[in-house]
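S.K.: Sequence:
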Amino acid sequence: MKDGKSVILAEPVSEKRSGLGAKCILMKKYQLHTKTENILCRFPALYKHLERATKELTASGAARILCLGADLEKAGACLVVQVGLATPLSLGTLSRETVLELLRVLVAQGWRCAIGMEACGFGWRFQRQIREAGVEALTFATEALTGRRKTNRRDAIALARLVAARTVHGDCAAGRVVREPSPAEQEQRFLSRHRAQLIALRGKVEAQGRGLLYDFGQLDFPECWWGKKMWPLLVRKLTAAGEEWLRTALEPQRALAQSLHAQILELDARIAAQAATTVTIPLPHGLGQLTALTACLEVMDWNRFSNRKKVGSYLGCAPSESSTGADGQLLGGIDRQGNRRVRSLLTEAVYRLLRWEPGWRAFAKWGPIIQSHGSSVRKKKAVIACVRLLFIDLWRLFTARATLADLGFRGVPTK
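Sequential numbering from 0 applies to the sequence shown in numbering that gives the first Met the number 0.
Just so you know, the hints here were simulated from the structure itself, not pulled from any lab data. A couple of the hints might just be wrong.
Only pairs whose alpha carbons sit at most 25 Å apart, straight line, appear in this in silico DSS-like list of lysine-lysine [stated by the list, open to error]: (1) Lys308 - Lys379; (2) Lys73 - Lys149; (3) Lys380 - Lys308; (4) Lys308 - Lys228; (5) Lys364 - Lys378; (6) Lys309 - Lys228; (7) Lys47 - Lys73; (8) Lys308 - Lys378; (9) Lys73 - Lys54; (10) Lys203 - Lys228.
Quick list of simulated restraints, FRET-style, between CB atoms [said to hold, decoys possible]: (11) Ala275 - Ser181: 44 to 50 Å; (12) Pro182 - Gly202: 28 to 34 Å; (13) Leu218 - Arg192: 40 to 46 Å; (14) Ala239 - Asn338: 44 to 50 Å; (15) Thr277 - Ile198: 38 to 44 Å; (16) Cys119 - Ala363: 24 to 30 Å; (17) Trp244 - Thr277: 46 to 52 Å; (18) Thr97 - Thr145: 20 to 26 Å; (19) Asp300 - Ala107: 33 to 39 Å.
The structure presented is a predicted model; accordingly, all values stated were derived computationally and were not measured. Built from N, CA and C at the ideal position, the CB exists for glycine as well.
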């Protein structure tokens, strides 16, 4: 058979080799790797599957819907196709170009295609290319889809079923679809994310130098040992102790920390200029333009939330729950199924607001707990409650649902 389909060649095997007589025939299957116009010929199982489904759907008058699941990798994607509510069919791992070519052919044949993927570290370009091919692309938040037995094929099947639940059944609550940023939004939030990465890298370099000092018995030294003011003090201390070689060993680490610090200061200036045009509303005293700008860039659009429950869920500060049977409601720690960058920034902002905005409505209930000397667990719970309410109040401020005075903030005092 031609056009890329399988060819079966039969070859009789001698009785001496097989021991089963002339009745035994050895079958070998060869795949012709010829270039064809229709990519479906490369997937004979899918071709037969679609051909049978077309006849059934035409007879019943049902819609021709294909639900696909793709578990993305660096080499490509493990692709699974599900026709309506039928059993998913795995096509193996294909390159991104092959997936796009297959989708274009399916759309050209009149199939309505919807593909589901997990949000991962490969960016958003592939999703844009899929939409340009006329296919609906859904990006789901990363979560445990198949329990402890996790494989690419199992994840792809689970994604295809989530897509089927949304497109065939109309279940809009199936999976957690994330909002994909535009290229412009990706460029805008790069500054704040890159700044956080540089700060973390500078902290690692500083910790390496601190560990070297500890390793050789130098316990009394400045915390920011690489700084312009603290480095001369450390040099004098090491010289007095006769540890000149230790100073020489720390100089490369100091140069690296200074270089990272200079890049951070440059980013601070660029972020300040960007904040002047992005954050145009009055802010609570102690929140800071950097924190407000980072929250705006991570959220991308404050109007995407229709109520306060969705706002708190986005942050990941909602409690986990395991309430079954007659045990009643059992709440656990926060689920952390949200934006960790905004969550950590607002956690720091709560302690600043405790000093500069003591009249905020959240501190009327949880302020005494945070300032008390009691259990640290209660303090953590109180801080998380304040973080959740602070993010909700920011949503109300940026969507003009409330003012600073309505929420109990004084605002930045006039100089």
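S.K.: Would you mind marking each hint as holding or not holding in the structure?
M.R.: These are the hints, each one checked on the structure:
no., hint, verdict
1, Lys308 - Lys379, "holds (21 Å)"
2, Lys73 - Lys149, "holds (18 Å)"
3, Lys380 - Lys308, "holds (18 Å)"
4, Lys308 - Lys228, "violated (48 Å)"
5, Lys364 - Lys378, "holds (12 Å)"
6, Lys309 - Lys228, "violated (47 Å)"
7, Lys47 - Lys73, "violated (30 Å)"
8, Lys308 - Lys378, "holds (23 Å)"
9, Lys73 - Lys54, "violated (37 Å)"
10, Lys203 - Lys228, "holds (20 Å)"
11, Ala275 - Ser181: 44 to 50 Å, "violated (22 Å)"
12, Pro182 - Gly202: 28 to 34 Å, "holds (31 Å)"
13, Leu218 - Arg192: 40 to 46 Å, "violated (36 Å)"
14, Ala239 - Asn338: 44 to 50 Å, "holds (49 Å)"
15, Thr277 - Ile198: 38 to 44 Å, "violated (21 Å)"
16, Cys119 - Ala363: 24 to 30 Å, "violated (42 Å)"
17, Trp244 - Thr277: 46 to 52 Å, "holds (49 Å)"
18, Thr97 - Thr145: 20 to 26 Å, "holds (24 Å)"
19, Asp300 - Ala107: 33 to 39 Å, "holds (34 Å)"
In this structure, the earlier hints numbered 4, 6, 7, 9, 11, 13, 15 and 16 are contradicted, and the remaining ones agree with it.
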